[in-house]
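Build the full structure now, drawing on both the sequences and the hints.
For the protein sequence lines, the chains are A and B, in the order given.
Under the numbering used here, the residues of the first sequence are numbered 1 to 222, in order.
Under the numbering used here, the residues of the second sequence are numbered 1 to 375, in order.
Calculated directly from the structure, the hints in this document are not laboratory data.
Where hints are given, some of them may not hold.
Derived pair list, reagent style DSSO-like, types lysine-lysine, alpha-carbon separation capped at 27 Å [as the list claims (entries may be wrong)]:
no., chain 1, residue 1, chain 2, residue 2
1, B, LYS53, A, LYS39
2, B, LYS256, B, LYS272
3, A, LYS35, B, LYS53
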Amino acid sequence: MEWDALWLSVRLGGLTVLILLPLAIVVGRLLAVTKVAGKSLIEASLALPIVLPPTVIGLYLLVAFGAGSWVGALWQELFGHTLVFTFEGLLIASVIVNIPFAVQPIQRAFEAISPELREAAACCGLSRWRSLWRIELPLAWPGIMTGMVLTFAHTLGEFGVVLMVGGNISGETRTISIAIYDRVQAFDNAAAGKMAGVLLLISLVTIALSFLFAQRVGRRDD
Amino acid sequence: MTETAGISIRLEQDFPIPLNIDLAVDPGEILAIVGPSGSGKSTCLRAVAGLHKPSIGRIVCNGATWFDTAAGINLDARRRRVGLVFQSYALFPHLTTLENVLEALRDRPPERRRHEALAQLARVRLEGLEERLPRQLSGGQQQRVAVARALARRPDVLLLDEPFSAVDRVTRQRLQRELAELRHDLEMPILLVTHDLDEAARLADRICVIHHGRSLQTASPETVMARPQSPLVARLVDLRNVFSGVVTGHRAEAGKTLLEWQGRCIEARLSKAFPPGAAVTWCIPADSIIVHRRDRPSKGERENPVSGIVREAVRLGQTTELVIVVGDDVRQPFHLEIPTHVARRNGIEVGAAIGFSLRAEAVHLMTPEPDGAGQ
Numbered sequence: 001m002e003w004d005a006l007w008l009s010v011r012l013g014g015l016t017v018l019i020l021l022p023l024a025i026v027v028g029r030l031l032a033v034t035k036v037a038g039k040s041l042i043e044a045s046l047a048l049p050i051v052l053p054p055t056v057i058g059l060y061l062l063v064a065f066g067a068g069s070w071v072g073a074l075w076q077e078l079f080g081h082t083l084v085f086t087f088e089g090l091l092i093a094s095v096i097v098n099i100p101f102a103v104q105p106i107q108r109a110f111e112a113i114s115p116e117l118r119e120a121a122a123c124c125g126l127s128r129w130r131s132l133w134r135i136e137l138p139l140a141w142p143g144i145m146t147g148m149v150l151t152f153a154h155t156l157g158e159f160g161v162v163l164m165v166g167g168n169i170s171g172e173t174r175t176i177s178i179a180i181y182d183r184v185q186a187f188d189n190a191a192a193g194k195m196a197g198v199l200l201l202i203s204l205v206t207i208a209l210s211f212l213f214a215q216r217v218g219r220r221d222d
Numbered sequence: 001m002t003e004t005a006g007i008s009i010r011l012e013q014d015f016p017i018p019l020n021i022d023l024a025v026d027p028g029e030i031l032a033i034v035g036p037s038g039s040g041k042s043t044c045l046r047a048v049a050g051l052h053k054p055s056i057g058r059i060v061c062n063g064a065t066w067f068d069t070a071a072g073i074n075l076d077a078r079r080r081r082v083g084l085v086f087q088s089y090a091l092f093p094h095l096t097t098l099e100n101v102l103e104a105l106r107d108r109p110p111e112r113r114r115h116e117a118l119a120q121l122a123r124v125r126l127e128g129l130e131e132r133l134p135r136q137l138s139g140g141q142q143q144r145v146a147v148a149r150a151l152a153r154r155p156d157v158l159l160l161d162e163p164f165s166a167v168d169r170v171t172r173q174r175l176q177r178e179l180a181e182l183r184h185d186l187e188m189p190i191l192l193v194t195h196d197l198d199e200a201a202r203l204a205d206r207i208c209v210i211h212h213g214r215s216l217q218t219a220s221p222e223t224v225m226a227r228p229q230s231p232l233v234a235r236l237v238d239l240r241n242v243f244s245g246v247v248t249g250h251r252a253e254a255g256k257t258l259l260e261w262q263g264r265c266i267e268a269r270l271s272k273a274f275p276p277g278a279a280v281t282w283c284i285p286a287d288s289i290i291v292h293r294r295d296r297p298s299k300g301e302r303e304n305p306v307s308g309i310v311r312e313a314v315r316l317g318q319t320t321e322l323v324i325v326v327g328d329d330v331r332q333p334f335h336l337e338i339p340t341h342v343a344r345r346n347g348i349e350v351g352a353a354i355g356f357s358l359r360a361e362a363v364h365l366m367t368p369e370p371d372g373a374g375q
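Okay, here's the thing in structure tokens:
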């Protein structure tokens, strides 16, 4: 069992969720509530990672992160090392790949809130911040939870993009999925099976917890 | 009305639906905005609340300008003190009854909020239900929470958007009674949007009839129902006895104007605005048509006596609706409602001859509509 690979995956998933949570709430609400010009185009762009093969995204990110691109060059200038084959590069890739998994459920959740509730909040004199905090976020909470769980679970299982951008450096970019692949390549099916089992268990517990939580929120509404 | 008390509303727009509204409501007065679906009633209310911005207009409430396109003023909904009761109530579904009301009390000192919220709930008879969620309440109770929340804001104007449409008839009548009682304590102007004319007549001091976004007539319910400003208003308030005639003269000393209709003379209330020879549209409310008894003379039998043949008699429970053709004109029949037992006792059925009188005082004259107007 490669605990450091598991820990790296969990850390990657957790940080991806932390970074995406505020971003997805802002973008999801914006798309749900306001009339943005070119909304369909924005939505299509955000959904791209769902349909593109992971190797294609991985390739683009690899090129974008490389020292030859302005992103890679800027990173190198600021931090003294390249983005490719580092945990930071992996994290940025993971955030980009998971945008649709986080944004879409949150956008749907905000869309499901009746516009009259926002108007009622305004007529009650609630500030925009109070209206978001007290009315909209609690109502959108199940969708936000779903987005976060999907993001976390998807990060744990991500393989193609991780391999392309991060490679397979132990303790730096070697995630549990890659470790499993690695063990299978080495005909060590027992170790691969053990890790797969742990991954299965973690995924199951995460999703069960999120369902339980969503139910509690739902029960409060009954 | 001066601009220092109550609310004055002037709205104009062409899009998304046309609006041309000019209204003023005094403190403590209930003004009902009545019109068919899509006539702009709710849009008008939303504009007052600051939830819709018309292209031109001015809204002044208690001397404060909320909206004025000429001066570039458009106060945010949060800063207009309005209490709005939505058609669907729009209660916050995840908050209890008490919490719903507390949200409208954020501008009061924290230590007084709870006390005030409880007082508002008691005012609408919801004691004991403070901890319930909206879903655990009946439709009528939800409506009362919405009213309590709207009043908790201490609004400068109370806006009611079809507040009784989502409940059953018995509950509706009870809630209407409660509003009628509650209004005596309310000092702000109240705007009630409804498509139900009876509801408007029961609750409002004045009715504003709107059609395609235009306010056509604003007057007391009695005036609107008995003396509509135009044939279109007559149609909108469901006055069905509307006919065409020609003025033949005035008898000022008797307070009468004489009409020629279907070759007979009809006496109407004196209306000097229409000179002899003028074509007019005239109407009479159904309750001013007195059916004659067959066996003996009826009271007022000599006042505009008319006789016709019953073409339709539709029994609707306790009342029977009659369609009566007078002379050869089948296009403009009389519509009457009489108690079913009266119809039965007098043998009033399809094909029967029937006599009735039109109260001259209730015959009201209007300028005819140009062809196709208001369709």
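Results of checking the hints against the structure:
1. For the suggested pair B:LYS53 and A:LYS39, the alpha carbons sit about 23 Å apart, so the restraint of at most 27 Å is met.
2. Restraint check for B:LYS256 and B:LYS272: satisfied, since their Cα atoms lie roughly 9 Å apart, inside the 27 Å limit.
3. For the given pair, A:LYS35 sits about 16 Å from B:LYS53 by alpha-carbon distance, which is consistent with the 27 Å threshold.
In this structure, every one of the numbered hints holds.
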